[in-house]
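Student: Going down the list, the protein sequences come from chains A and B. Residue numbering for the first sequence follows this note's numbering, starting at 1 and increasing by one per position. Residue numbering for the second sequence follows this note's numbering, starting at 1 and increasing by one per position.
Treat the hints with care, since some could be wrong.
[Unchecked claim] What follows is a set of in silico ranges between Cβ atoms, one per label pair, in the way DEER data are often shown:
id: 1; chain 1: B; residue 1: R257; chain 2: A; residue 2: F168; range: 53 to 61 Å
id: 2; chain 1: A; residue 1: V127; chain 2: B; residue 2: N39; range: 53 to 61 Å
id: 3; chain 1: B; residue 1: R118; chain 2: A; residue 2: Q136; range: 55 to 63 Å
id: 4; chain 1: B; residue 1: D22; chain 2: A; residue 2: F148; range: 47 to 55 Å
id: 5; chain 1: A; residue 1: L7; chain 2: B; residue 2: R118; range: 19 to 27 Å
id: 6; chain 1: A; residue 1: K167; chain 2: B; residue 2: F177; range: 37 to 45 Å
In case anyone wonders, no lab produced these hints; they're calculated from the structure. C-beta: ideal position from N, C-alpha, C; glycine also.
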Amino acid sequence: MYWRQSLIALQTIAYKETNRYLRIWMQTLLPPAITMTLYFVIFGNLIGPRIGPMDGFTYIDFIVPGIIMIAVITNSYANVVSSFFGAKFQKHIEELMVSPTPSFIILAGYISGGVGRGLLTGLIVTVVASFFTTLQIHSIGVLISVVFLTSVLFSLGGFVNAIFAKKFDDISIVPVFILTPLTYLGGVFYSISLLPDLWQGVSLLNPVLYMVNAFRYGFLGTADINIWIAYGIIGLFILLLGTLSLFLLHRGVGLRG
Amino acid sequence: MKALSLQRLNKTYRGGVTALRDVSLEVSQGEFFGLLGPNGAGKSTLIGITSSLVTMTSGSVHIFGHDLIKHPWEAKTRLGLVPQEFNFNGFETVEQIVLNQAGYYGIPRRRARQRTQRYLHQLGLWDKRKQASRTLSGGMKRRLMIARALVHEPPLLILDEPTAGVDIELRRSMWEFLREINRQGTTIILTTHYLEEAESLCRKIAIIDEGQIIEHTTTQALLNRLKTHAFILDVSGTTDHVTDIPGYAIQQLDHSRLEVEIRHRQSLTELFATLHERGVEVLSMRNKANRLEELFLRLLEDNGSDQSAEQSPEAEAAENA
Numbered sequence: 001m002y003w004r005q006s007l008i009a010l011q012t013i014a015y016k017e018t019n020r021y022l023r024i025w026m027q028t029l030l031p032p033a034i035t036m037t038l039y040f041v042i043f044g045n046l047i048g049p050r051i052g053p054m055d056g057f058t059y060i061d062f063i064v065p066g067i068i069m070i071a072v073i074t075n076s077y078a079n080v081v082s083s084f085f086g087a088k089f090q091k092h093i094e095e096l097m098v099s100p101t102p103s104f105i106i107l108a109g110y111i112s113g114g115v116g117r118g119l120l121t122g123l124i125v126t127v128v129a130s131f132f133t134t135l136q137i138h139s140i141g142v143l144i145s146v147v148f149l150t151s152v153l154f155s156l157g158g159f160v161n162a163i164f165a166k167k168f169d170d171i172s173i174v175p176v177f178i179l180t181p182l183t184y185l186g187g188v189f190y191s192i193s194l195l196p197d198l199w200q201g202v203s204l205l206n207p208v209l210y211m212v213n214a215f216r217y218g219f220l221g222t223a224d225i226n227i228w229i230a231y232g233i234i235g236l237f238i239l240l241l242g243t244l245s246l247f248l249l250h251r252g253v254g255l256r257g
Numbered sequence: 001m002k003a004l005s006l007q008r009l010n011k012t013y014r015g016g017v018t019a020l021r022d023v024s025l026e027v028s029q030g031e032f033f034g035l036l037g038p039n040g041a042g043k044s045t046l047i048g049i050t051s052s053l054v055t056m057t058s059g060s061v062h063i064f065g066h067d068l069i070k071h072p073w074e075a076k077t078r079l080g081l082v083p084q085e086f087n088f089n090g091f092e093t094v095e096q097i098v099l100n101q102a103g104y105y106g107i108p109r110r111r112a113r114q115r116t117q118r119y120l121h122q123l124g125l126w127d128k129r130k131q132a133s134r135t136l137s138g139g140m141k142r143r144l145m146i147a148r149a150l151v152h153e154p155p156l157l158i159l160d161e162p163t164a165g166v167d168i169e170l171r172r173s174m175w176e177f178l179r180e181i182n183r184q185g186t187t188i189i190l191t192t193h194y195l196e197e198a199e200s201l202c203r204k205i206a207i208i209d210e211g212q213i214i215e216h217t218t219t220q221a222l223l224n225r226l227k228t229h230a231f232i233l234d235v236s237g238t239t240d241h242v243t244d245i246p247g248y249a250i251q252q253l254d255h256s257r258l259e260v261e262i263r264h265r266q267s268l269t270e271l272f273a274t275l276h277e278r279g280v281e282v283l284s285m286r287n288k289a290n291r292l293e294e295l296f297l298r299l300l301e302d303n304g305s306d307q308s309a310e311q312s313p314e315a316e317a318a319e320n321a
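With the rest of the complex left out, here is chain A (with noise of 0.2 Å):
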């Protein structure tokens, strides 16, 4: 293993694709910037004091992790997904394909820039809800590590399904038909204790509801489920989607002929 060479492939792929999301920042920063400040509007402003309170918090302080929460799976997912199967359409990822760039190393540079799009994404509706509420922190690390794991686990979902996809339709059937129902029922606008038992026990099979909450944690000190069973599930979907995209690149599934 050349690890120098590799670090090297890896900082190239890391700067190419952090290039890529900041040259299109109109399509890929600033939509989430509006649309969550739309929600702040609406949801926290407008809607919210006739809510009232919930988990003993007021509306728009419960809503602001969810919504940070959103912006970062979206983005982290939309940014891999385009921008892998990009570089399929075009024929230019055969430029790795040829190269000795371990797989890797592929995946980790990809994976990079989804994260770092997840994470300023999050960073951007974060100042914009500060316009909002004060934003109090419980814990730093819960934030911190669960916004990473999140943004990197969907950025994983994100190649896998570029990986599959044979043509534009295919990218955008995960995220509007299975992504976008499990973030907002993933209690990220109600505490999922306002649910009959029932739909309470079909929430818990919801992973994003961990991830939300998780991360609600790490602002407000409340969520509906134990945080260490959220950093126990991401981690093993981390796991299995790691494994899965590096076994398909490997192979070279929709890649090679």
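Dock chain B against chain A, hints included.
Tutor: Here is chain B on its own, set in the frame of chain A:
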């Protein structure tokens, strides 16, 4: 030392199409090697396998003695590829594309910048370095792909139809550039549809047809197989009554040009004298181009007829059944 060694390479695509059948091929270090074949013969599959873009069904690939599967880093760093289709990111600048490629090969940024500058200068792209690659002309895009393939300075360069769709002037300058890097020690494997190009550049040639190598020899040996030479004569005088000169196959192209086929050891002086007697003066003479093309077509025809001969018993049996 063999720059490239392919042993018993087989490729059957999903769906059952067999693209390569037991192909073995060796290319020596320093060679300028031509790989010819009609469309669908298996050239691109062979190059795809060598450059890791296509998975082989069976066989082995060694690049400068390194097994492509067992020692990918060693093998891949020694190979540069200029593919047939443009495959760079159209939104990136010319400079960025070459720099990134250097990065994928683990070349430190500073050295990568120096090399990028050198190759973009050599290929006449330095002034376009800040331009998005999609805005380049077709010829510039081809040169960009060559610069990209050379930035890690591979000792083996594979070019898949590098001059397709390129104008004559640019084609000639690319030929000169390739000759120069070959002189400096880079082994070059070239696939082309322009047989004139292969005749001019390649010292050795392999012809692939229906997934099999049907010929592998020096260009000269291949050309020597032509039993006749064809010349174009530019003449003055009346050419109406010269096509019947005994012993020569002469064709009148127009009022001032004749095409003459001369067998080995047949005298040109004798022909010129006869033409002179008939009032025709030879002003200039040149080889008819595309000699290789004739041979190429003949080999393909032979291969086709061999295969149909081999198949005929089966066909007969099927018919009887």
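Student: Tell me the hint numbers this structure goes against, listed in increasing order.
Tutor: Per hint list: zero violations.
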